[in-house]
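Here the structure of chain Z is known, so what remains is to put chain H in place on it, guided by the hints.
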Amino acid sequence: MLRNRRKDALVAAVLVAPFLAIYLLVFVWPTIQMFGISFTDARLIGSGEWVGLDNYTRLASDPRFKTAVWNTAYFVLLTVLPGTVIALLIALGVSRLTGRLQAAILALFFLPYILPVSVVYLIWDWVLNFQFGILMHVFDLLGLDRIPITKSRTWFMPAVGIVTIWWTAGFSILLFLAGLRSIPAEIYEAAALDNASRWTTFRRITWPLLWPVTTLVFTIQLIAQLKIFDQVYLFSQGGRPNDNMVLVYYVFQRAFQQDQGGRAAAVAVTLFVLVIVVSVLQFQLLRLAGGRK
Amino acid sequence: MTASGMLKAAIVATIGFAGVARAEETVVWWDFLSGGDGVRMKKLIDDFNAAHAGQIKIDATTLEWGTPFYAKVQTSAAVGEAPDVMTYHASRIPLAVQQGVLQELTAEDWSTMGLGEADFGQATWDAVTIDGKQYAVPLDTHPIVLYYNKDLLEAAGMLDENGKPKGLDSREGFTATLQALKDNGVKFPLGSVTADGNFMFRTIYSLMGQQGGELMTDGEFLAGDNGEKLANALGVLAEWTEAGLQSTYTDYPATVALFTSGEAAMMINGVWEVPTMTDLAAQGKLFTWGAVELPVIFDQPATYADSHAFALPANQGKDMTPEKRAAVLEVVSWISKNSLFWATAGHIPANGAVTASAEYAAMEPNATYSSLTANMIFDPKTPLAGVAGPIFDVMSTYFVPTLNGEMDPTEAVESIKEELNAL
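So the sequence lines, in the order shown, correspond to chains Z and H. FYI, the numbering for the first sequence is 1 to 293, going by the working numbering. FYI, the numbering for the second sequence is 1 to 423, going by the working numbering.
Derived from the structure by calculation, the hints contain no laboratory data. Do not take every clue at face value.
[Stated by the list, open to error] Below, simulated PhoX-like cross-link-like pairs (lysine-lysine); rule was C-alpha separation at most 25 Å, straight line:
1) K164/H x K66/Z
2) K337/H x K324/H
3) K227/Z x K72/H
[Stated by the list, open to error] Derived DEER-like restraints, expressed as beta-carbon distance ranges:
4) A326/H x V11/Z: 40 to 48 Å
5) V79/H x T31/Z: 19 to 27 Å
6) S47/Z x T410/H: 42 to 50 Å
7) L20/Z x L280/H: 53 to 61 Å
8) A353/H x T31/Z: 54 to 62 Å
We put the beta carbon where it would ideally sit given N, CA and C, even for glycine.
If we strip away everything but chain Z, and leave its shape as in the complex, we get (with noise of 0.2 Å):
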């Protein structure tokens, strides 16, 4: 058929136009002009003076930027592979279920993601709270002494790391429910004619051909609690905010408590970069990873 190619390419910036004027109106420019910013010494509101590179060459002799930088990468190291891993077990438990009893266990463990972060601490903090929580009951029972959970240094990043990981865990078992089910039964009735078992099953079946779905998971995961930000504002609520800064936490700290937008949008832009960074060189690593296969 005859396509008249110069109006196709017409209908198409048409159809285009509207993303791609919202896409460089309300990010692209924000971003550029965050790079300007970040050169300044401007306040949240308004214009400052250039000040070259000063914000960035303060951020290292900067004891809580780098409590903000460990705290992020402590908490990645806590959620990503873990939770990438609880997510796909459960995934390939409930498709082991059937009709109406996999629906059901489904929602069960997708409910956590549909509560808003205000709503998960407010859960959390009636079990692990000090004084009342229901977790401090069960250790009464125990014999065991209470542990202030999150006002401890110690277990505030590790608990708010399962608190995330329950939480989050309902999306990341869908997109795997979603790849369990794109691999054709056929293959799995071949490998029973051939009498494999279960275990060589998932890995040699399995496991590769879910590999750019894990890929993908992986990836959210990363460059979600890269952004950590409301769990840990939250729980450290007049507890130890300083001592559990995370990089977001520490841009709204310097942006919005303090009014130093330049500080500010010094630590996003590093954490913007870190972000492009970890999640491009990740991606590609984990491709060659299943490209060798």
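Just chain H now, kept in the frame of chain Z:
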């Protein structure tokens, strides 16, 4: 209907409305009062609207206290979308002035309101003044006080003939009272918000003030022996924790719950919890209770206080009409002059005429603790101070471990000093 028909209808409707909307000014109002005091403020607003029917109407919205409120005010003022009037903490005024968020209140404004320096306490007036200019009208001062459970204290023999706790005059005396309560089987003699360093700033700053200490002198934090005074203040509280005399790792709601359920015999908390107590007592769900000025642990009485004030945001690119400004000033003035009812929220009205009234003198427990107004200390005047400000976060990070026996007070003070001066 055709397009032109719709346009005509719209024009007619607009003209019609313009004709109906006469002189009534709507004053857009934001506050952060969501607790028991918020309920009382709503009543005051309703009373105002009733008294000014057809002239002025307050359109009030309550927002989240703390950083969310102040971030919203700042961003909305920058684009001309801030309200006409809002509540503001006096401790946040230095930062607000630096940010250019507030309008100055001129001498003319004050005379329109029929209020002035003479109507307020010196410390309160100073708290809203920066470089000789006023930026807000104080509504109240809200200090912290010592709440106590009369039944438990009486059972331990720790109530004096005036029905106040014994040992309010010295560190040894107060510790002895706490110990006596403990010996008498009280689980937590003192309910303390030990999980919330933000909150404990108020208590600790008071204890510093009791030694004549200051947080900031000549732009430097904890200079000279002020660091030592902070360490002393932390030391007393750490000592009570070690002796098992106060609740550990307890956050704000839990502290109030420990006290109201009778597990904690005393509690240091803001006067804004008075409505909680009066309301519970009215329902017959509370023991006999009282509230007094903080015990004098060191050399002199001193109590931390902040002030709720009314401020006019500096809306960028939007000039207030003289009629609107007059309406706003009337709102502020009327509420200030009718703030006796506000005292039922526990706060001490800032307007001197109100606190001098016979009705106020008869109001309990306010009358018992209002002696503390002579000993009030406010936050240092710096853009870093104020509720939910940067000083709070630094302090909180070190207060929590110190108050719960994880960190040595002198070590905490060293780190606090370093971090504060690096802000």
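Cross-check of the supplied hints:
Between the alpha carbons of K164/H and K66/Z the distance comes to roughly 50 Å, so the proposed pair goes past 25 Å and is violated. A threshold of 25 Å between alpha carbons decides the hint, and for K337/H with K324/H the separation of about 20 Å falls inside it, so the pair holds. The straight-line distance between the Cα atoms of K227/Z and K72/H is roughly 22 Å, inside the 25 Å bound, and the hint therefore holds. Take A326/H and V11/Z: their Cβ atoms lie about 59 Å apart, and the range 40 to 48 Å is violated.
For V79/H and T31/Z, the hinted distance range of 19 to 27 Å is satisfied, since their beta carbons lie about 20 Å from each other. Our hint of 42 to 50 Å for S47/Z and T410/H holds, since their Cβ atoms are close to 44 Å apart. Between L20/Z and L280/H the CB atoms are about 59 Å apart, so this pair conforms to the stated range of 53 to 61 Å. For the pair A353/H and T31/Z, the supplied restraint of 54 to 62 Å holds, since their beta-carbon distance comes to about 55 Å.
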